[in-house]
Amino acid sequence: MRVALVSLNQRRQDKEANFSRCSDFVRGARSYGCDLAVFPEMTLTGYSLDPTAIGEVETGSFTLAHFGELAQEVGLAIVFGACLIDPSTNRPRNKFCVAWPDSTSRAIYAKVHPFSFSGEKEVLEAGGRLGAASVGALRFGASICYDLRFPELYAAMAPACNAAIAIANWPIRRVARWRVLLVARAIENQFHMLGVNRIGIDGSGLVYEKSTLAVAPDGTLLQPVMAGEELDIFDIDPEAAARYRAEFPTVRDKRYTLYREFFERIDVK
Numbered sequence: 006m007r008v009a010l011v012s013l014n015q016r017r018q019d020k021e022a023n024f025s026r027c028s029d030f031v032r033g034a035r036s037y038g039c040d041l042a043v044f045p046e047m048t049l050t051g052y053s054l055d056p057t058a059i060g061e062v063e064t065g066s067f068t069l070a071h072f073g074e075l076a077q078e079v080g081l082a083i084v085f086g087a088c089l090i091d092p093s094t095n096r097p098r099n100k101f102c103v104a105w106p107d108s109t110s111r112a113i114y115a116k117v118h119p120f121s122f123s124g125e126k127e128v129l130e131a132g133g134r135l136g137a138a139s140v141g142a143l144r145f146g147a148s149i150c151y152d153l154r155f156p157e158l159y160a161a162m163a164p165a166c167n168a169a170i171a172i173a174n175w176p177i178r179r180v181a182r183w184r185v186l187l188v189a190r191a192i193e194n195q196f197h198m199l200g201v202n203r204i205g206i207d208g209s210g211l212v213y214e215k216s217t218l219a220v221a222p223d224g225t226l227l228q229p230v231m232a233g234e235e236l237d238i239f240d241i242d243p244e245a246a247a248r249y250r251a252e253f254p255t256v257r258d259k260r261y262t263l264y265r266e267f268f269e270r271i272d273v274k
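Heads up, the sequence shown is in the working numbering, so the first residue is 6 and it goes up one at a time.
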């Protein structure tokens with residue numbers, strides 16, 4: 006299948022302008038025959054810890070509705086991020102969302118590891134469940150930015166998924182870690198790892214460089230069939246994970262029950 010990874014240069018808290026550009030990229034992706042387009046974290050606002058300014062009640066969300074309509078109009082699936090407020094708790098969360106060509110548009114995952122270094126943990130409520138979805142034969146686990154530093158999350162995805170997607174706003178001063186961790190997660194779990202980061206300068210003055218990557222299940226960096234400043238097109242083989250796991254069965258050899266026991270009884274003296 007063909008996937009578009011979009012390193013969007015996000016305008017700070019400007020949903021209309023960002024959505025207009027996303028629409029152009031989605032249409033461009035479709036013209037290249039893509040089945041899926043993926044955008045960075047908090048797609049229409051850029052990373053922000055001001056839920057009063059950027060948060061949307063999940064029921065009736067502008068972002069969910071507009072991407073659902075766009076997916077239906079253009080005829081491809083879209084992965085995007087948003088700060089959404091749970092109407093039952095009135096608490097904002099950093100969400101990973103998917104829109105499908107039938108116009109279904111929903112959040113499938115809330116970030117399990119809010120970025121405590123930036124204060125996100127005090128502002129946005131942590132999620133407590135894995136998220137996964139399918140587009141065609143691609144079954145992907147969901148993750149957001151800082152999650153990438155926690156291999157346990159991806160190990161939990163591996164039995165059910167042949168890919169994982171990380172959407173991020175990961176600044177240039179730590180971008181070397183981003184690249185290494187994407188490859189590591191692919192190798193550890195023998196699945197495709199798609200990492201989509203923004204470019205440009207955010208509202209806090211942090212600088213971002215082009216660092217979006219697609220990694221094969223054996224850790225090989227995939228080369229785009231078309232590369233642009235923000236839009237890169239990749240051909241992904243959803244069956245590659247199963248073939249590689251059959252040939253070199255690392256995932257099959259994982260001992261999840263034993264690892265759980267290790268965590269429960271660890272005793273460091």
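Any given hint could be a false lead.
Claimed, not checked - Computed beta-carbon distance windows for the label pairs:
hint : residue 1 : residue 2 : range
1    : 253       : 29        : 38 to 48 Å
2    : 240       : 165       : 20 to 30 Å
3    : 154       : 134       : 16 to 26 Å
4    : 164       : 92        : 31 to 41 Å
5    : 251       : 160       : 31 to 41 Å
6    : 248       : 212       : 16 to 26 Å
7    : 122       : 253       : 18 to 28 Å
8    : 107       : 131       : 43 to 53 Å
9    : 262       : 25        : 30 to 40 Å
Hint data in this document are derived by calculation from the structure and do not stem from the laboratory. Note that CB positions come from ideal geometry on N, CA and C, so glycine has one too.
Do the hints match the structure? See the list:
1. 253 with 29: 38 to 48 Å: At roughly 41 Å between Cβ atoms, residue 29 and residue 253 fall inside 38 to 48 Å, so the hint holds.
2. 240 with 165: 20 to 30 Å: Since residue 240 and residue 165 have Cβ atoms about 23 Å apart, the given range 20 to 30 Å holds.
3. 154 with 134: 16 to 26 Å: holds (19 Å)
4. 164 with 92: 31 to 41 Å: Given range 31 to 41 Å: holds, Cβ gap about 33 Å.
5. 251 with 160: 31 to 41 Å: violated (19 Å)
6. 248 with 212: 16 to 26 Å: Given range 16 to 26 Å: violated, Cβ gap about 39 Å.
7. 122 with 253: 18 to 28 Å: violated (36 Å)
8. 107 with 131: 43 to 53 Å: Check failed, 31 Å falls outside 43 to 53 Å.
9. 262 with 25: 30 to 40 Å: violated (50 Å)
The structure does not agree with the numbered hints 5, 6, 7, 8 and 9 stated previously, though it agrees with the rest.
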